[in-house]
Each structure stands twice: as C-alpha cells, then as structure tokens.
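We have chain Z already, so just place chain H on it with the hints.
Protein chains in written order, with our numbering: chain Z, 161 to 610; chain H, 834 to 1340.
Keep in mind that the hints were calculated from the coordinates and are not lab data. You may find that some hints are simply not true.
As the list claims (entries may be wrong) - Quick list of the computed label-pair ranges, beta carbon to beta carbon:
id : chain 1 : residue 1 : chain 2 : residue 2 : range
1  : H       : 1230      : Z       : 258       : 38 to 48 Å
2  : H       : 1092      : Z       : 190       : 20 to 30 Å
3  : Z       : 200       : H       : 1227      : 21 to 31 Å
4  : Z       : 270       : H       : 1271      : 53 to 63 Å
5  : H       : 1298      : Z       : 550       : 49 to 59 Å
6  : H       : 1298      : Z       : 186       : 29 to 39 Å
7  : H       : 1243      : Z       : 190       : 17 to 27 Å
Where a beta carbon is used, it is the ideal one built from N, C-alpha and C, also for glycine.
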Amino acid sequence: MKVKVLSRNPDRYSRETSLDIHKLPRNYDPALHPFEAQREYTRALNAVKLERVFAKPFLASLDGHSDMVALLQKHPTQLSSLFSAAADGVIKQWNIPLRTCTRTIQGHEGYVRGMTFTPDGETLISVGDDKNIRFWDVNPLLNSPEATTEAVVAKHSIITKYVVAGVSHHAKKPLFATCGDSCLLWEGERNEPIHKYDWGVDTLSAIKFNPTQTNVLGACANDRSIILYDIRGGSPIRKAVLGLRSNAIAWNPMEPFVFVVANEDYNSYMFDMRRLKKPLNIFMDHVSAVIDVDFSPTGKEIVTGSYDKTIRIFEVEKGRSREVYHTKRMQRLTSVLWTMDNKYIISGSDEMNIRLWKARAWEKLGVMRTRERDAMNYNEALKEKFAHFPQVKRISRHRQVPKHVYQAKKELVTIKDSKKRKEGNRRAHTKPGTVPFVPERQKTILSEQE
Amino acid sequence: MSVPEDPLVVSTAVGKHSRGKGLSSNLDVKMGIRKTKILRKEAKIVSGVERAARSEILLVEDSGGIEVDEGEHTLQLKQFDITKKIDIASATKGFHLSLDEFGPYKLRYTNNGRYLVLGGRKGHIAAFDWVTKNLMCEIGVRESVHDVVWLHNENMFAAAQKEWTYIYDNQGIEIHCLKSMDRVINLDFLPYHFLLVGGHQSGYLSWVDVSIGKIVSQFNARSGPVAIMTTNPANAVVHCGHTNGTVSLWAPTVRKSLASILCHGCPLSAVAVDNVGRLMATSGRDGSMRIWDLRNSYTPLLSVKVGISSLLQFSQRGLLAMATSTDAMIFSEVSHKTKPYLKHVANSQISSMQFCPFEDVLGVGTNRGFDSVIVPGAGEPNFDALERNPYQSKGQRCEAEIKGLLEKIQPELITLDNNILGEVDTHAVSSSLDKKPNYVKKKDIQLAHRKKRKNAKLPKIKEGLRTELNLKLAKSEHQTKKREEQSKKTIQMSDDDPLSRFAKKSK
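Next comes chain Z alone, as it looks inside the complex (with noise of 0.2 Å):
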C-alpha cells in the first residue's frame, strides 16, 4: 500500500531576497476561477470608468496670431512642424513639440485662402485675397545659412488674374490646383496655369488633390455641388448636388476612392467616388454648419470643427461621433488637422488660438512600462468586449455639452421628430405606397451628373 500526500516545498514558492520578484505559479483550470463573467464584466465597468477619470484631451494652446487663424496646414514628412495663416495675412511656422513660434511671415495682404506644400516638403505653396501665389522655402535655416528666422521674402510670387480661394499640390508631380472662379492647373512656378476646368458659371471654395489616387481632384462649389475631375482628362468628371453648400473635403489616406466632405446642414458625408447617388455614410451630432473635416491617417476616423464652437470625432463606420471636443475660449472652428503620427488633433478657430488635443481623450502620452501597456491594453479589449452592455455603453457615451449646444440638440430632435409624424400621419392615412420610407442616405443627394 502506498500513500501520498501533497507536500509543498515552500521555498518552492517563495522568493529567496527580498530583491527577487515574487513567484506566482498559475494554473489556469477554470475551477479555480470562479465568476470570470462576473468578474470580467466588473472590470470593464472599472475600465470605462477609468477611460472617463483620464479623459483630458486638451494639451496645449498656441497663441499669437493677432486675426481669426484661417488655415492650418500640416507639414507632410516633418511631425513637428505646422502652419498657420491668419486672416490678416500672417504665416506662423510652429515647433509642436516645443510648442513656439519658429516663424512668422507677412504672406499676403487680406485673408489667406490656401497653403499646400510640394511633395517633397522643402516649399509651402499659399495664396490669398490678393491673388497672388507665393512660394515659401520651408526651412530657410537649413537651405542657406546666411538667413535668419524672419526670412520674409517669398522664393517665387505669382500675381495672378484669377480669383484664388483654395490651393493643392499633386502627391507625386510639380502640379498644383487652385480653385475660385473655376480650377486651375498649374505647373511649376509658371506664370500661367496650363489647364482650366470650368462646369457650370458658381465658383468653388474649397480643392483637395487625392493622395492615392493621384491625378484625381476634388472640389467643393458654392453651388452646393461637389465636382471631381482627372487632370488627365480635359473636362470635370462627375458632380454631385447636395441639399446645401459644401464646406471642405478630405480624401481617406487608405481607400483611394473614399471622400468626406463637411456640409452646410451641420452633417458630414462619406463618398465613394465612383458612386455618389448615394453617400457611404453621413455623419451626424453637429449643431451647426460643419466648416473643416480631416482624415486620420489610419483612414479609420475623421475629425470635424464646427461653427458650434465643437470639435468632433467620427469613427467611419458609424454615423455618431464618439467625442466632443470644447472649451469655453475656444470660438468657431475654422480648421482642423490629424496629425500624421494618429496621436494628435490641432484646430484652429476663430479668436486667434491654435489648440493641440488628444486623438484619443483617455491615452497616457510618454513611455510606458511593459506591465502598464499590458493593462491598458487589457482595458481596451474588455471595453471593446463589453462595449453594448447597458451600463458600460451609459457611462461611454455620456458627454457635458455646452449649453447651447444642449439646447441645439434638443430642438433639432423635436424638429426631427416632428418631421418623422407628419410624414408617418401623410402615409397612414393616404393610400398605400403614395409615401414611401426614404432611406436617410437618398434624401440628400439631389442630383448625380456625368
């Protein structure tokens, strides 16, 4: 007969100094954990909780402009580096990191309209009310070393005879697009644009080369239309009437064919390029007219700025932004950016301040353990797990608002809700079919041209 009892050594289980790490022996037999739903379920209520406690988006403000800043533009191989433009025509280059001023420049007298860079991000492009084009050398410091900060003379100016509202380079060739009476395409530093594309007598407000899809254009018109063209063609290619003005468009970095633009009926609308009778998605929350919208670079998510004094983000698969953005100086927004490295959102409004923020409002910034990567990673996924439970979702999605904002919201649900009656009355008591369910995607798209 044998017998055999469990006998622990102990030393087997705990550490020898007290500099070791304690010995944690694991046994992952389901038996001796109990509860794991409960318990997981309970740690993703602590997670999203949490997520709330750090949620400080805003990181720093930029001052010195002494007008509205009117664009901003992110430089496209440096992360560090930023432009601005002011309505009374000043440039600020902007050290992000340091967060100072490097430059300032006189570029033009009145309202800059638009700043682009080249592809190889040596020279900025920009234009404004006086219709001239100026060309900038990036880092004069590095180019020649006998010049100082306050470099003020442009490389290349163009007076032009053509209203210019908006600037774009291509990604890859010396070609750029200026919009405003009709587009222009220019090459070089020649003095005269070498095509003119014109559908239609409206100007246009806003141009954005596609970044993939190279030769492609994108266009907004004050005739609330949205026009494309392919520079390799001779004439516009498609356009799109939308039930109001368009604001801005920004091409996804991922997927050549899909666009956003921001819209004058406070929602912003997804396309697919080669079908706009119907928007990919809308993007609602706004209170008012969305004036700017960016990509991020994943192509995952945009960041819109309004005239309502908020900043907000949309993940592109749903139509409600999953964040808000405000604070109580910041006025009307008048341009906002993603930064290139997905961590950063910098906007620009209308009293004269450049904001940083946080992409995502609860991350830590800086280096972080391994163990502490590994929780919050571990957060994510359960938040992610648990997301459409009841209570996490609650505590996820609430928001403070300000108030106007609030009472906004409000009457536009009332004035929705109205709508949704009458139509729903109209087609109860009318015969069956004379008022059909409109998807919400088919009501704003007025017209489809080739």
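For chain H alone, coordinates are given in the frame of chain Z:
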C-alpha cells in the same frame, strides 16, 4: 472541439478549458465582414483554450492518493497508518487539539487554506496558522458562539454570537458589531461579492456587504430557523435545507426562492454543494443520501442509505465527507458510485467539518476539540497565485485585497445561471422595439435563433425522391396494366383460337 495538433497539448485538457462549442458551428451570419470578424474572434478563443491546456505541462505538483494492493481496502487505513507512510512534514498536518471545556466547536479555514478559526459554543474563539501552529488570537466572549467565518483574508473574521454578529480582527479585537444580524445560527462569506451571509434563528436571511458595511438584502425565508445553510461556490446562491424535505435556493435580490427542490420525503439533515457548482449532496433524517445534478436538470444521480448524517462537505477534488455522530466517512467518485474511501472516528460528537483548500486535510470540530485528519487526494495540488495563494506575503495580501475590492461583483449579478451575462437580452431588445412610436419604420430583427438546415440540398433531394417515387409508381402502374392486357389476351386466345393449345403457357 477539434483535437489540437500540438503534441504538448492533451486533448482531455482542452476539454476542461473549453467554454463551450462557440458560434462557428451554428453561425446564422451568411457571409461578409461580420462573419469574418466572428470567425477570427473564435479562432482567438480556440487558441487561448489550447494555450491554457498547453500550460498544464508547467504544473509542478501532483495530487495525493492511496494505492492499495490486492485484498486490501483504503477503509482499513487509520490516521496512524497514514502518518507512518508519509514524510514528517506532511505527518505534522494530522493532529488533535483537546479542548474539553468550550465545545462543540465550529471551524473555518481561510480561502487560501493557511489559517484556521475555531469557535466553541460556550464562548471560546481562537484563530491560528494551523501549519506552523502559531496562535494569532484566543478570546473568550462570554456568550454562546454559533458560527465563525473568515472574511476575505486572514485579517478579519466574523462570529455569530448569542445576540449579534461581531467582526474581530486577527488580534481578537472587536472591530464591529452587526446589530442587524441578530440571533444568527449560520454564517457564510462570499469572497468575490464581499457579502457576509447569515441565516437567522427567526428564519431571516441576510446579506451584508462588508466592504461598505451595508445590508444588501434581508428578508424572511418563511420556513423556520435557518439551521441548514450553505452557499454554492460557483454561483453564490444560498442553499437552505428545510424540515419538509426541500432545498430552497436564494439570491439577495429576489425575495422569493429561486427554486425549491423536493429532495427527501423526510426532514433534511445536511446539504453540500461541490466546488464547481455541479453536484449537490443532501441527506435526510431517514438515513439516505442523494446526489443531485445542479447544472440543468436538478435530477438525482444517486441515492444511497448511509445513516443519518449531520454534516456534508465536498473537497476541492470532489471527495465527499459525511459525519454521523462521532464518525466521519469520506466518499470518492461521488457522482457515479459514491465509493467509501476513508473513515475517521473522532472521540466525540462531530459538530463541524471542512476540507482545507489546497491541502490533503479535513478539519473536524467536535464536542471536545479539533481533529486535523489527513485525507490523501482531497486538495487541489496546483494553486493559482493570483487567485488564492497559500504562500502570499503581506504585500501580496494587500494588493490582492485592493484588486478584490475593485473587482467586487455586484449582488444583482447573483443568479442561478452563471452564463446570463454572455447571452443576448432579447427581452430588452423587443421591449425597446415596442416602445418606438408607430410612425418609425420597425426594424426587422429576428430575436429567435433561425433553425439552420443541416443539409442545404435537402429540399432538392426530397423533390428528387418524390419524382423518383412518382416515376416508380407510374412504371409499376404501366406494368400492371400491361400484364392485365396480356392476361386478357391469353384468355381470349384460349377461348377462340383452336391452335392455342400449342401456344406457350404463360406463368
């Protein structure tokens, strides 16, 4: 679950770690990104299960047990024989404390099995590290003690005394008096919920959250004094045994019993639930003991006559201890055979019993002291240090306490079915759909599972069979007609033709 290709993974281990079949076997989603996402997630889960199974090769300890030669039986073994055959360190785990004056004794081990608290009915409470035999505290409370229980760690324990329930720290200093828990006769503690459960003399049940010091729930179970009470360690439901032969199941948020199971035709004497919430053992005053399957059917698996037992206890590895007056009988293979395994005779009436977690030890409290009985194969050999660690340091204990408090499960989540969090709340969905006004177009959501056809070609096959059958029928009809005609012909021939007698005779 498919058999893994990894040679280091034992397929039985995979079964142990598996959390069910998963969705992919019966997926309603036809195609597209959703299906891809679901399948990808499932693949992750499967690989997780395999890795958990693979990690079993890292477990260092083997469980205890007894190997008998032919013609011998484990029942013949006495404690004396066992201690002779094992090493000295293990042999010290079997001992006897002679406490003649204040018995009968109630006992309780901490969750990690390291500390023991004894409560003598006549007012003697002692807490100590039973392995090293270091006394933490010993107090006389000068009133009757009905039950004792450790709270979440060895720093605090609760004692149900004559009038009220008190909480003491490990120095024996009274740190709290729970006047709301009056005349409690049975105590239990739910470590993951931080709930102290009390069964009152008056028939009340009470749940007190010890982390915030508030009563979560207190109500009358309406069936007399709660003399037999135990908690299901897998779902935290309280099982109460009654004199009418039923076991009722209670959760703090529901004032009616969740279930009532008629177990015996006579008053119950003891109830126990095993470690994973699969089996329940009940014994009646008629001397029978029954084992029940708790998971889905509440059906009796087994009924044996063993004598009137006053106490039942399951060990971590599924042994069942039963006390009848001075004898403690231990059974193995409970769910199918209930084989007698070991027997221990105490020197007086047994008043309480508990298997020590992570040790091969059964603690027995009697009228005249305490016996620590060695039961080979009772305890789980490999503990998880992040869950319950017998060797934890002070710092680890503090950390575990904080983690435990952060992960405290809310009492609303105590339900009979542990999987309720993993299911779709179709009721909520349908009620939210109903709430929407008439003018909103109703979403067409299928709340019930669509029954999937096992064979997509089934209708075609069926139709094919049908046509085949029709063809056959038609053919046979045609043939019978033909035959009839022929027979008619032959008959005619026989009537008319004179040469017909040379014709071949049809069979």
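Results of checking the hints against the structure:
no.: 1; hint: H:1230 to Z:258: 38 to 48 Å; in the structure: holds, 47 Å
no.: 2; hint: H:1092 to Z:190: 20 to 30 Å; in the structure: holds, 24 Å
no.: 3; hint: Z:200 to H:1227: 21 to 31 Å; in the structure: holds, 28 Å
no.: 4; hint: Z:270 to H:1271: 53 to 63 Å; in the structure: holds, 56 Å
no.: 5; hint: H:1298 to Z:550: 49 to 59 Å; in the structure: holds, 50 Å
no.: 6; hint: H:1298 to Z:186: 29 to 39 Å; in the structure: violated, 57 Å
no.: 7; hint: H:1243 to Z:190: 17 to 27 Å; in the structure: holds, 22 Å
Checked against the numbered hints given earlier, this structure breaks only hint 6.
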